[in-house]
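As they're listed, the protein sequences go chains A and B.
Okay, so the first sequence: first residue is 10 according to our numbering, each after it adds one.
Okay, so the second sequence: first residue is 38 according to our numbering, each after it adds one.
Please note that a few of the clues may not be correct.
Unchecked claim - Pairs of lysine to aspartate or glutamate residues, derived as DMTMM-like cross-links and limited to a Cα-Cα distance of at most 20 Å, are as follows:
| # | chain 1 | residue 1 | chain 2 | residue 2 |
| --- | --- | --- | --- | --- |
| 1 | A | Lys22 | B | Glu39 |
| 2 | A | Lys238 | B | Glu113 |
| 3 | A | Lys238 | B | Glu61 |
| 4 | A | Lys190 | B | Glu61 |
| 5 | A | Lys238 | A | Glu188 |
| 6 | A | Lys252 | B | Glu39 |
| 7 | B | Lys65 | A | Glu260 |
| 8 | A | Lys22 | B | Glu113 |
| 9 | B | Lys120 | B | Glu49 |
| 10 | A | Lys230 | B | Glu113 |
| 11 | A | Lys120 | B | Glu61 |
As the list claims (entries may be wrong) - Derived coverage of chain B by chain A (criterion: at least 3 residues anywhere in the stretch with Cβ under 8 Å from a Cβ of chain A; other residues may be distant):
| # | stretch |
| --- | --- |
| 12 | 40-52 |
| 13 | 56-66 |
These are calculated hints, taken from the structure and not from any lab test.
In this text, a Cβ means the ideal position worked out from N, Cα and C, and glycines have one as well.
Each chain, letter by letter, is given below.
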Amino acid sequence: MSRDGSETNGTIKPPHWLSCELTYDCPLQCPYCYNPIDFALHGGKLSVEEWMRVLNEARALGVVQVGFTGGEPLLFAGLETLVAEARRLGCYTNLITSGIGLDEARARALKEAGLDKIQVAFQAATPERCNYLAGRSVFEEKLEAARLVKRYGFPMTVNFVVNRHNIGETAAMLDLAVELKADYVEFANLLPYSWAWVNVSQLMPTLAQLRRSEAVVDRYKARYHGVMKIFYVVPDYFEGRPKACLKGWGEIFMNIAPDGTAEPCQLARQLPGITFPNVRDQSLEQVWRESDGFNRFRGFAWMKEPCRSCPDRFRDYGGCRCQAYMMTGDPSNPDPACHFAPDHHKVVELSLPLISGRVQEKPLVFRNPRNSRLLANG
Amino acid sequence: MEIAALFRLQWEESERSYVLLYPEGMVKLNASAGEILKRCDGRETANGIIKALRAAFGNSDEVERDAREFLEIAYEQGWVRNKRDD
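I would like the entire structure built from these sequences, with the hints used as guidance.
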């Protein structure tokens, strides 16, 4: 039982979002991937039948949005079966893909299965940079995949993870999204954990880059109002205020890893001292309502000062537990992105070179099984 | 009028209401919004839908005003579209 389980159990809201990480296998090697560093050591993938059970239990709990992701979810045999089941259950189904492996037959099968939306990730707008960050020559294949997505009538998000290497191409990235007839463009904040943490000093955009990029985005937002929606999430490093990570721990979101581990966010498993439940051992309802993992940072009772008495706690939920852990060693500390946090100087130290623009270039560590084993074994 | 391609209207038992599902979100609709949107099935124009609503809900000018107002908001939000917009 959780330390504050008795307090929160009565008011636990149903989850709305289920993220299904079908596999960690991926043809790409993006150096900012948020999959665990030691992904190559994980085994015991859930079967199609087990995923079917997860989907049914999730829907009964109140889930309306299902995201199929990975790794590369197209590598999971049975993806179409799961999409069809999620759709049959009444969920809005999202596929989050690199685009690699999406051919005509696959697009048609996914359409027939009832898939609602596809997100295609691009690493950059120019082939050389895209291929460099992906660790493989993929740009043309991605273009072809995005065109198929629209040809088959899917709503499409084009996603970019904003980093120091691609941020200078903001206008070109937006032009690419326009050309591909994207309905949404998402500029995702680089999450400084997992692989992105290994490469953080090489990936975090500088403040000057961010400000220039924001100005470009504002221009496009005005120009394409009503045609293409642009989401631009900036890092909280320079803002002094933390983000409400997933609108609060165990509030709306549940992630299931390929081996069945259930987490309140895709990165939670790295946190020490918490055992996250596995959907093989218990029902999703038990996972959501009763597990220590989901109750640990739910609500407000776990907070330390200054969060505990801060009026903003209802808005930001104390920020991100993973960021607190990465930077202070204790996930129950206030998120150091907040300027009221005792450890805020750690974020300042990290962001200083980014503010001054004096950053030292080092080679990127790419996300692949070989590096995963190397890093995991220290 | 019809529901735009990015959105899906469905009855959500757990919410006891109609909801609009869209990429990464859900709008919970109140009873009258649900009544209006479920008639946006591509067969009727906005005027046709309003006529049907008047017929179903006491033929009052208030029903017409509310429906017109809501359809304008729904159109502005991109929830519904005119089929001839193509």
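Numbers of the earlier hints that this structure fails to satisfy, in rising order: The structure breaks hints 1, 6, 8 and 9; every other hint is satisfied.
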